[in-house]
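Visitor: Sequences are here, hints too, so could you generate the full structure?
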Amino acid sequence: MITFYDFPMAPSPRRARIVLHEKEIDHETVVVDLSRQEQMGDEFRAINPRCTVPALRLDNGTVLDDNASILAWAEAARPKPPLLGTTPLEKGEVAGWNARAEFEGLLAIAEALRNSSPRMKGRALTGPVDFEQIPELAARGRARLAHFWEVLNERLAGREFLAAEQFSVADITALVALDFSRVIKGEPAEDHEEIWRWRTSLDRRPSVSA
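Take the sequence shown: its position 159, counting from 1, is numbered 188 in this note's numbering, and each next residue is one higher.
Honestly, the hints are just simulated from the structure, not real lab data. Among the clues, some could well be false.
[What the hints assert, rightly or not] Straight-line C-alpha distance at most 25 Å; calculated DSS-like pairs for lysine-lysine:
| # | residue 1 | residue 2 |
| --- | --- | --- |
| 1 | Lys-150 | Lys-214 |
| 2 | Lys-52 | Lys-109 |
| 3 | Lys-109 | Lys-120 |
| 4 | Lys-120 | Lys-52 |
Guide: The structure is reproduced here in structure tokens:
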């Protein structure tokens, strides 16, 4: 049986959770309570020495320990529905916009949160190594995110999906960033109407609430 290591409140495993749901890949779920730092314990370290979720243990015991590897495996194991595009052009667009949503959206939020939250003092980065906060990076993260909302709003004008002509991993990453931005009160402004139209339309997909 495939085992998915998850924490429902965290954005990174949510991305993988949506992928598994879209692909209809059967699995059991084990919750790793990040609020209790269970990811740092010996039991989970034996599964994923990177001390992060998501992680996916396959039937043969192999553990995929990040979103990139889980997505690549899922796309190859279950090609339909395609989440990485179908034509060369679509694949290029999906890869590009997924990277922007991750680095300019999700990682900007993480930069703001992890360098300012008192609960994350000494834990400015995920993983087994402790890193101290750099307060200046919190302000930079917020500025990066504000710029990304401008870019995203412009891109979505007249479009149903962020890249290609169907739902893709680019939409997954961007919607997770949008929802997670609430933790730093960094949501797009009300006049980013294209973003909010797109986000509302995605609620029709069962995987979004999985």
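Visitor: For every hint, state whether the structure bears it out.
Guide: Verification of the supplied hints:
About 20 Å separates the Cα atoms of Lys-150 and Lys-214, which keeps this hinted pair within 25 Å; it holds. Between Lys-52 and Lys-109, the direct Cα distance comes to roughly 7 Å. Compliance with the 25 Å bound is thereby established for this hinted pair. Using a Cα cut-off of 25 Å, the hinted pair Lys-109 and Lys-120 holds, with the two alpha carbons roughly 14 Å apart. For the proposed pair Lys-120 and Lys-52, the alpha carbon gap of about 18 Å is at most 25 Å, so the pair holds.
In summary, this structure violates none of the numbered hints.
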